[in-house]
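Chains as they are written, first to last, in this note's numbering: chain D, 503 to 767; chain C, -7 to 283; chain V, 614 to 979.
Certain hints may be false.
Stated by the list, open to error - Residues of chain C placed beyond 10 Å of chain V at every Cβ, according to the derived structure:
id: 1; residue: W2
id: 2; residue: I10
id: 3; residue: S65
id: 4; residue: G66
id: 5; residue: T137
id: 6; residue: L149
id: 7; residue: W153
id: 8; residue: P171
id: 9; residue: I180
id: 10; residue: D181
id: 11; residue: I192
id: 12; residue: N229
id: 13; residue: L268
Unchecked claim - Ranges between beta-carbon positions, derived for each pair:
id: 14; chain 1: D; residue 1: R660; chain 2: C; residue 2: D56; range: 28 to 38 Å
id: 15; chain 1: V; residue 1: K720; chain 2: C; residue 2: D56; range: 28 to 38 Å
id: 16; chain 1: D; residue 1: A580; chain 2: V; residue 2: D688; range: 54 to 64 Å
Rather than coming from a laboratory, the hints here were simulated on the basis of the structure. Here the structure is a predicted model, which is why all the values come from computation and not from measurement. By construction, the Cβ of each residue, glycine as well, lies at the ideal position given by its N, Cα and C atoms.
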Amino acid sequence: MKKRTIAFIIYLVLLMLPIYWMFNMSLQTNADIMGSFNLYPKNITFSNYMNIFTDSAWYNGYINSIIYVSMNMVISLAVALPAAYAFSRYNFIGDKQIFFWLLTNRMAPAAVFLLPFFQLYSTVGLIDTHIAVALAHCLFNVPLSVWILEGFMSGVPREIDETAFIDGYKFPRFFLTIFLPLIKSGIGVTAFFCFMFSWVELLFARTLTVTNAKPIAAIMTRTVSSSGLDWGLLAAAGILTIVPGALVIYFVRNNLAKGFAMGRV
Amino acid sequence: MDKWKDNKAWFLVIPVFILVAFSAIIPLMTVVNYSVQDIFGPGNRLFVGTEWFKETLSDTRLHDALGRQLLFSGLVLLIEMPLGILIALMMPKKGWASSLSLVLIALPLLIPWNVIGTIWIIFTRPDIGLLGAAINGMGVAFDHTNSAGQAWITLMLMEVWHWTPLVALLAFAGLRAIPEAYFQAAKIDGASTWATFWYIQLPKMRGVLTIALLLRFMDSFLIYAEPFVLTGGGPGNTTTFLSIYLVKIAVGQFDLGPAAAFSLIYFLIILLFCWLFYQVLLNVGKGEKTS
Amino acid sequence: MARITLDKVAHSYIAKPSDETDYALRLIDNIWDDGGAYALLGPSGCGKTTLLNIISGLLAPSEGRVLFDGKDVTDLPPEKRNIAQVFQFPVLYDTMTVFDNLAFPLKNRGFTKQDAKTRVLEVADILDLTDSLNKKAAGLSADAKQKISLGRGLVRRDVAAILFDEPLTVIDPHLKWQLRCKLKAVHEQLKLTLLYVTHDQVEALTFANKVIVMYEGAIVQIGTPQELFENPIHKFVGYFIGSPGMNFMPCKIDGNRAFINGSSIPIDDRVAELGENLTDNLEIGIRPLYLEVHATEVENSVPVTVKSIEDQGSYKIVTVRLSGNLLRARLDEKSVVPPEKAWIRFPKDWIRLYHKDKLLTLQSND
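Full structure from sequences and hints, please.
What follows is the structure, given as structure tokens:
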């Protein structure tokens, strides 16, 4: 047991090292970073973070990201819940084919859809809006949500549905007041994965936005290509992108293992 | 559980269908459209049939990119699968230690992909990066922007760091599902730790591991952001994988026709593996219900 | 084979238990003989699985010692105690053949291939598994798999005891009987110490020489199936064993009669003596099998109203009401029972008297 724990702790340390390093950078000024090599910040400064919090070009990036990610979560869940129920409870024409087709969308290379998406959203005038990115991310999040939810729903015995219908419940009321509470953890897990994939995705988020809806990820890459690289600032921006993720994991930590057990990520 | 047969269930599926069709079918139609035309400018196009396909399939740069991609995906599987299983075996199973481990392990998975690249750019720089400085300090001249070999090593390091947690989490979930009685019986039978792993744990993780394998293969096959940020596809094009190549010719060179043809081929390869994945999912589901 | 001794064993899952109810297993001081077939019978939560796990070594008791043949094994884990266990669901090595499954424990203990093979063939023969030896264990039916689980215990000739934790739970009903017979045959042939946990009295009563009835963490009675049926020491045993369970009615003794809310019935003088000075918590017990139901008044009978008659095929259950108490009688299928009114008689030999849920016997004090 002991050896196992030590090895695991070593792994955790190695895992956290790159993140720690960036954290280290984020607390130093660029001058300090370029000037000398420090294992930990000698003069801790929060100036990088302050810059980000006060410069709208930066903090808007975060706000934009959070906006479209949240929109995506809501849309994905809203359309996926009824569909998952259908797949879980019913046989209907083309059900297996549709399920498979949804799966293929999860696996779609973003690169393939990049240009067509750009043209599509340009045509309907949605370039540089949050909804565009939210909808684009639905390409893979909606299939994922349907899958995961279907898995959780299949764990609820059909007798419950039947009893409710016999008791006179109409479908919407049954679905909202009886069924959904039973799959609470499933909804949580699904929301988590929607958040995860939408938050980390770069290609669509960058391509479909210009300035108004530019996510933080794209702002950072823009910074990278310009000259006079401010490592401290970049590092701080990076650390701040990890924070929402860490919070979300913390909230679903109890259901994480179960969610991954669905195996559909 | 036997399902009810009712085609009216389609109504529940329509929102999903419309949304995904909008996101998938319409763009795909555009792609198909482009793949059979030569586009000189807006409004100026010529139907060329399968010419782009022929050209793409014989494009040596595409072959090279495919070769690199396969090598990359192969290495990914070779390293991440055993490593993920190992980590899952080492993880604490209960209590606050378990929750904490889960959170820390999952962290890399929630970092935006470009930030992953950024983290590793910083980390491996000889002047300001811990790893870069450490390696150079040991006497090895390390600079991945100049050497293809080192670029690959850095890339693999980043990729393994980033995605092994996914395998580990899946394997962990699979391990946790094994009833305690199996371990008790193994103890009573006098089985060694290795025998317990080989005859009980590994077989019972078969389903999860197959899913992990297919997921990692497919995801690594369409990877874009991380290698792009780290190496830009270079030095030269030594780390240009399929997605990077595609974006280059589609957006960079604006060769819509060839790009579209390539997209379709790319997608078809993925579809094939997707179908495999689907079959496995179905069987794993069945297996779990009977055992 | 071993003689199992439980020396003042008790177990609580709470660190500092303060009273009786904190204990999952109350004080047990018992010796079980080598080679016996014992059943641990009781409802869910009575502590039987806790007790089994303490004997097998999967659980260390918070108090007391466990001895095998006089040797203290309390701190030894299962693999060192030389026991075998069959679980509620088949626990096998799915990737191995039946042969390899059976040979596995021997392989781990250093047996040569030849010795192991001999042993495996012997056991496979006893369990009728010889034809399946080369098949993959995963593909067999549940009852075959449980036999394999049992086999892994039988191959170890020196196994101290084989413990069964509700092993028939996942077996199809029509195969349960077969498997039960097989277990009994194995016991008779090999004379092993077998300990069988179940909540099903039929399983317990057909399988065991001695049944240990448990209730709320305590052993309530140990005895042969007959003893448990005829003389249940505790009201719970009377109620739990038998189908339907024993009838109980509150009563008072006066002279040589028992008075139940107005009616009275004659009872044996010695039994009457036991209950004489006890004024409350006194109950009469009689098994449905022994309660006589007559269509007309007979000597020493009391009138009752008939509430229901259930035809169970080979027997009938008649429910009657006597002075506010519901009683059940188990009659032969051919008996004729009047639909509304009848007379019942309590044969003196089968009347039992209970005070505060415990049987009053000629040797017992209170």
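How the hints compare with the structure:
1. W2: At about 39 Å from chain V, W2 (chain C) clears the 10 Å cut-off, so the statement holds.
2. I10: Non-interface label stands for I10 (chain C): nearest chain V Cβ at 44 Å, farther than 10 Å.
3. S65: 28 Å, holds
4. G66: The claim holds: G66 (chain C) sits with its nearest Cβ about 26 Å from chain V, beyond 10 Å.
5. T137: 48 Å, holds
6. L149: 35 Å, holds
7. W153: 33 Å, holds
8. P171: Non-interface label on P171 (chain C) violated, nearest chain V Cβ at 8 Å vs cutoff 10 Å.
9. I180: 5 Å, violated
10. D181: Incorrect as stated: the minimum Cβ-Cβ distance to chain V is 4 Å, not above 10 Å.
11. I192: 7 Å, violated
12. N229: Label holds. Min Cβ-Cβ 45 Å, cutoff 10 Å.
13. L268: Fine: 23 Å to the nearest Cβ keeps L268 (chain C) off the interface.
14. D:R660 / C:D56: 28 to 38 Å: Because 54 Å falls outside the window, the suggested range is violated.
15. V:K720 / C:D56: 28 to 38 Å: Roughly 52 Å apart at Cβ, these two residues miss the hinted range, so it is violated.
16. D:A580 / V:D688: 54 to 64 Å: 59 Å, holds
Of the numbered hints listed earlier, those contradicted by the structure are 8, 9, 10, 11, 14, 15.
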